[in-house]
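Engineer: Here are the chains, one letter per residue:
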Amino acid sequence: MIRFIKLIQDSDLATGLLLLFVASFSYAGVGDNIWEDYGYIDWVFPLMSCFILFSISAVYLVKSSIKIVKGTTISDLKIDKSEIPSIINVAVYTLLLFCYLVLLFVFGFWAASILLLWSGITYFRPEINLSSIGKSLIISIITCVVAYIVFTHIFYVPFPESRVFM
Amino acid sequence: MIEAFYMAISPSYLMYMTIGVMLGLIVGTLPGLTATMGTALLVPFTFALPTGEGIAMLGGLYVCAMFSDAIPACLVNTPGTPAAMATGFDGYPMVKQGRGQEAIVAACFSSALGTIFGAACYLLLAWPMVSIALKFGPAQFFWLGIFALTIIGSLAGNSILKGIAGASIGIIISCIGISHAGEINRFTLNIPELRGGVSLVAALIGVFAVPQVFSMILNLKKQEFVAEYKPEKGVILKTIKKVLSAPVHFLRSAVIGSFIGILPGAGSPIAAIVSYNEALRWSKDKSQYGKGDIRGVTASEIANSAAAPAAMIPLITLGVPGSAPAAVIAGALMLRGLNPGPELFGHNAALVYSFGWSLLIAGIVVFFVGMLATPLLVRVIKIPLRLLAPMIMFLAIIGAYAIRNNVFDVYLMLIIGVFVFLIRKLGFHPGPIGLGFILGPIIEPSLVQALYISHAVGVQKVFFTGSVNIILITISIVSVSAVAISRFRARRKSVLT
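If you read the sequences in order, they're chains A and B. Okay, so the first sequence: first residue is 1 according to our numbering, each after it adds one. Okay, so the second sequence: first residue is 167 according to our numbering, each after it adds one.
Possibly wrong hints are sitting among the right ones.
Derived EDC-like pairs (lysine to aspartate or glutamate); straight-line CA-CA distance at most 16 Å [claimed, not checked]: (1) B/387 with A/127; (2) B/388 with A/83; (3) B/591 with A/76; (4) B/591 with A/83; (5) A/6 with A/76; (6) B/548 with B/359; (7) B/591 with A/127; (8) A/6 with A/80; (9) B/262 with B/394; (10) B/262 with B/390; (11) B/388 with A/80; (12) B/387 with A/80; (13) B/387 with A/76.
For the record, the hints were derived by calculation from the structure and aren't laboratory data. Note that the structure is a prediction, hence the values are computed from the model and not measured.
Work out the full structure: start from the sequences and follow the hints.
Structural biologist: Structural data, given as C-alpha cells:
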C-alpha cells in the first residue's frame, strides 16, 4: 500500500490512471442503442473523445511502467508539510460552500449568504477579534445587498426562499 | 443612410443606447450574466420606447457586454461570458505582472475598434458577406470547429497530450444530456437534472473561477493581493499607441471576428478563440503568448466585439440570427410586428441603418465608459485575497444559479471546479477543458447533421469536397503541423542547450 502511494505520487502514473478512469467511466455510459440503425450517430462524438482519452492514458501508463521498471519514478506530487494548513483551508472552505447550498433553501438568501461570506472572510483573517468580526459582517452585508439588488431588481433572478423564515 | 445617421445621433437614441451600454458593463462584469440573458431581460423595458431607440438600447448592451466580460477575465482569471475565455489567457498574466490598467485599456480600446469594424461591415458589406456565409453547411461548421480546436497546441502548456486530454474531457462533459440526433439520454446517470445538460456558463465558472479562488486560498500566506497596482500616468495613450501600431494584427482579428460573427451558431466565443490562434500563428515572437502578451488580449477582444454587430447581418438580411443575443433582438423586432429579413431591409431601411449606426456609436461610447470605469475597476486587484476569494466565490455561485435558476447547476459548478483544481496539480491547463466545453456543442450538431446528409450522398462528398471544406481542412492540418514543428524545435533546442 505504502509503495502504491509512493508510486502514485508520480504525475505520469497519476495522469494515466485518472484518464483511464474518466475514459472507462464515459465508455460504460455509452448506451445500447449504438448498434441500432443510426444509433451510432448519438455516440460517435463522445466516443471519439473517449478513445482519445484511452489512447493518451495508455501513453502515460506505458511511460510510467517503463519508469517503474527502471526505478526512475519521481514523487513530484508529494505534498510538503508546510502546504498542509493551506490544503485544509481549501477543504474547509469547500465544505462551507456545500453547506451554503443546503442552508440557502433552509434559511433563504439573506441569512445563508451573509453567513457564508462572514464565515469565509473571518476564517481567512490572520487575527480574529471583535473589530475584525464586525468588519467582516459589514462587508458581508454590503456585498449581499449589492448582489441582491443587481440580481433580483435589475435582472429578475428569483432567489430561493427560506423554508424556516416564511 | 445619411438620414439613418441623423436618427442615430439624436439625443433620445444616444441616451437609450448609453443606458444599454451601462447595463452591458454590469452584465459582462458579473460571471453568470450573459449578453443573451441581459438582452432578454431588457426586452420588456424597450416596449415603452419607440422601436429604433429600443433596439439601439439592446444593441448597446450587447456590444458593451463583449468588452466588460474581459474585466473579470483579466483581473481574476474568470471570464464574465464564454466570449472572454481567450482574453484571460494573456490578460491575467498581464495583471499578475502589475500591468492591470494596461490590460483593461487594451481590452477596452480593442473592443471599441472591433465593434466599430463589425458595425461598418453591417452598414457597408452586409450582402456580400452573407453570400459567403451561405456556403457554410453542417460539414463546414464541423471543420471550422475542428480548426478552432487546433488552438489546444498553444493552450496546453508543457504537455500537448494533456491539452488534448483536457479538451476531450470538456467535450465529454458537454455531451451530457439529451442527444442532438436520437434524443436519448447520454451520461445522465439516471439523474433527471442532467437531462437538460450542463449549463455552459456554470461549467465555465467551474473551470475558471472555482480553481482560481482555491488557488488564492492556497496562497493566502504567500500573497496578499492578486498583484501590485500603481496607477501609471499616460498608460492609456501608451496602450492605444501599442494597439494601433499593429494594423495587420487588428485587421486580421477584425475580419475573423466579423466573418465568424455572421455564421449562425458560431458567435463571439469561437471568433475570439480562432482569432487568438491566428494571432499566435502569424506572430514572429510567439514566446510571450500566454505569459502576458498584449496581442493576446487585443486579438481576442477585437474579434469577439466585431462578431457582435456582425451577428446582426444575417438577421437583418436573411432573418437568421447569427448569435443568441441577435435572436433575442429578432424577437424584440417581431413582437413589434417587424419581421427581420429582406422585407425589413426593403420597408424599414432607415431603421435597419440607424441600428447599424447605433452599434457603431456604441463602440465609441464603450471606449469612453470603459476608460472612465478602468481606474475604479482595476482597484479590484488591490482588495486583499482573504476578502476577494469569498466575494468571487459568492458571485460565482449566484451567477451559476442565475443562468437557469437551478441550484443543481451550482453543485455541478463546484464539482467541476474541484475536479479542475485537482487536475491542475497534474499539469492540466483549464483552457483546453473550457475550449472543449465551448466547442463541443458547436461541433457535434454539425457533425450529426453532416452524417445524416452523408447517408444520402456519401461521406466523402459531404466532408471532403467543396472549396470551403478543402480550405478549412488544409488550414487545420497546417495549424497542427505548425504547432508540432515549433514544439519539436523548442524541445531540440532545450536538449542542445
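Engineer: A separate judgement is required for each hint: does it hold in the structure or not?
Structural biologist: Here is how each hint holds up against the structure:
1. B/387 with A/127: holds (13 Å)
2. B/388 with A/83: Satisfied, since the Cα-Cα distance of roughly 11 Å is no more than 16 Å.
3. B/591 with A/76: Since the Cα atoms of residue 591 of chain B and residue 76 of chain A sit roughly 10 Å apart, the hinted pair holds (cutoff 16 Å).
4. B/591 with A/83: Roughly 13 Å separates the two Cα atoms, so the pair holds.
5. A/6 with A/76: With Cα atoms ~10 Å apart, residue 6 of chain A and residue 76 of chain A stay inside 16 Å; holds.
6. B/548 with B/359: Distance of about 39 Å is beyond 16 Å: violated.
7. B/591 with A/127: With a Cα-Cα distance of about 30 Å, the restraint between residue 591 of chain B and residue 127 of chain A is violated, given a limit of 16 Å.
8. A/6 with A/80: holds (14 Å)
9. B/262 with B/394: Distance of about 8 Å is within 16 Å: holds.
10. B/262 with B/390: holds (12 Å)
11. B/388 with A/80: With a Cα-Cα distance of about 15 Å, the restraint between residue 388 of chain B and residue 80 of chain A holds, given a limit of 16 Å.
12. B/387 with A/80: holds (15 Å)
13. B/387 with A/76: violated (22 Å)
In summary, the numbered hints that this structure violates are 6, 7 and 13.
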